[in-house]
Amino acid sequence: MKEEENLMLASLLKRPVRDAEDREIGHVEDIAFDLSANPPIATDIAVHLEWTDKIGDLILPRTVEDIVLLFPWQELESFEPEAVRLRHVHPQFEVVSSEGKTFARRDILNKQIVDEEGNRLHRVDAVILKQEGILLFLEGLQVGMDWFPAGKRMQKVVGRLRRLYNRPGEANIIPYEAILRVDEEALIIRT
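Mapping to my numbering: the sequence shown position 52 is 52, numbers consecutive.
Worth flagging that the hints you see were computed from the coordinates, not collected in a lab.
Among the clues, some could well be false.
Simulated pairs of lysine-lysine, DSSO-like, Cα-Cα distance not exceeding 27 Å [said to hold, decoys possible]:
1) 130 to 54
2) 111 to 101
3) 130 to 14
4) 152 to 14
5) 111 to 152
6) 130 to 101
7) 111 to 54
8) 156 to 130
9) 111 to 130
10) 101 to 156
11) 14 to 156
FRET-style restraints, in silico, Cβ to Cβ [unchecked claim]:
12) 15 to 163: 16 to 26 Å
13) 97 to 8: 24 to 34 Å
14) 54 to 180: 20 to 30 Å
15) 152 to 110: 14 to 24 Å
16) 54 to 163: 50 to 60 Å
17) 96 to 183: 21 to 31 Å
18) 181 to 61: 19 to 29 Å
19) 50 to 156: 21 to 31 Å
20) 134 to 184: 30 to 40 Å
21) 159 to 63: 33 to 43 Å
22) 53 to 169: 41 to 51 Å
23) 62 to 152: 27 to 37 Å
24) 123 to 65: 50 to 60 Å
From the three backbone atoms N, C-alpha and C, an ideal C-beta is built for every residue, glycine too.
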């Protein structure tokens with residue numbers, strides 16, 4: 001994949017995940033981001049495993065099917081269009097807790113966007129990411145699609161944010177710099 005290519009979160013979900021022996025072990029379920037970084041950077045990858053009998057060094061009482069585990073980003077060997085490749089052989093992966101993590105699919109996609117005063121603006125229609133080598137960054141939030149455009153009020157907000165953050169060519173995209181925080185019920189942006 002070429003350097004600095006923008007892509008949609010939806011294009012990564014369900015992407016095959018392969019271990020160090022090139023066996024397909026599952027698919028991408030979600031990606032965690034550190035929103036305090038500038039720009040927000042991917043820190044962990046949630047992988048939906050088809051099966052496992054171990055988690056790291058822990059042997060499970062029975063084989064588990066249909067489980068999602070969270071791997072630190074350092075577990076990735078490569079991030080390619082056809083598959084995500086891991087450094088270790090299944091099931092010898094380092095796993096981490098999801099506690100306190102912000103996930104692009106679970107916590108951002110389709111979340112209600114509100115301004116600082118609590119006014120409901122729109123829902124997040126797509127999460128825009130930027131890939132630089134193996135690193136992945138949160139670039140922005142798409143509001144409105146060609147076939148279902150955002151309302152006039154939201155278009156004005158996006159236009160103002162594009163000017164404020166010097167993003168002239170990004171129609172319908174809220175820059176990551178405008179994200180103040182992600183709460184349980186809403187994503188709060190600076191307007």
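Against the structure, the hints:
With a CA separation close to 33 Å, the supplied pair residue 130 and residue 54 exceeds the 27 Å bound. Our distance criterion of 27 Å between C-alpha atoms is met by residue 111 and residue 101, whose separation comes to about 16 Å. With a C-alpha separation of about 18 Å, the suggested pairing of residue 130 with residue 14 holds against the 27 Å cut-off. The hinted pair formed by residue 152 and residue 14 fails the criterion: a straight-line CA distance of about 34 Å is larger than 27 Å.
At roughly 19 Å between alpha-carbon atoms, residue 111 and residue 152 fall within 27 Å of each other, so this suggested pair holds. For the hint linking residue 130 to residue 101, the alpha-carbon distance of about 20 Å falls within 27 Å, and the restraint holds. Between the alpha carbons of residue 111 and residue 54 the distance comes to roughly 34 Å, so the proposed pair goes past 27 Å and is violated. For the hint linking residue 156 to residue 130, the alpha-carbon distance of about 25 Å falls within 27 Å, and the restraint holds.
Restraint check for residue 111 and residue 130: satisfied, since their Cα atoms lie roughly 20 Å apart, inside the 27 Å limit. For the given pair, residue 101 sits about 31 Å from residue 156 by alpha-carbon distance, which is inconsistent with the 27 Å threshold. Between the alpha carbons of residue 14 and residue 156 the distance comes to roughly 34 Å, so the proposed pair goes past 27 Å and is violated. Separation of residue 15 from residue 163 is about 35 Å and departs from the stated range, judged on CB atoms against 16 to 26 Å.
For residue 97 and residue 8, the hinted distance range of 24 to 34 Å is satisfied, since their beta carbons lie about 27 Å from each other. For residue 54 and residue 180, the Cβ-Cβ distance of about 41 Å falls outside the hinted range of 20 to 30 Å, so the restraint is violated. Checked against the given bound of 14 to 24 Å, the beta carbons of residue 152 and residue 110, roughly 22 Å apart, stay inside it. A beta carbon spacing of about 53 Å between residue 54 and residue 163 agrees with the range 50 to 60 Å that was offered as a hint.
As the Cβ distance of residue 96 to residue 183 is approximately 23 Å, the hint placing it in 21 to 31 Å holds. At about 40 Å, the beta-carbon gap between residue 181 and residue 61 misses the expected band of 19 to 29 Å. For the pair residue 50 and residue 156, the supplied restraint of 21 to 31 Å is violated, since their beta-carbon distance comes to about 47 Å. Taking 30 to 40 Å as the suggested C-beta distance range, the pair residue 134 and residue 184 conforms, at roughly 31 Å.
In this structure the hint that residue 159 and residue 63 lie 33 to 43 Å apart at CB is violated, the actual value being about 54 Å. Range check, residue 53 to residue 169: about 50 Å between beta-carbon atoms, so the 41 to 51 Å window is met. The hinted window of 27 to 37 Å between residue 62 and residue 152 is violated, with their beta carbons roughly 56 Å apart. For the pair residue 123 and residue 65, the supplied restraint of 50 to 60 Å is violated, since their beta-carbon distance comes to about 33 Å.
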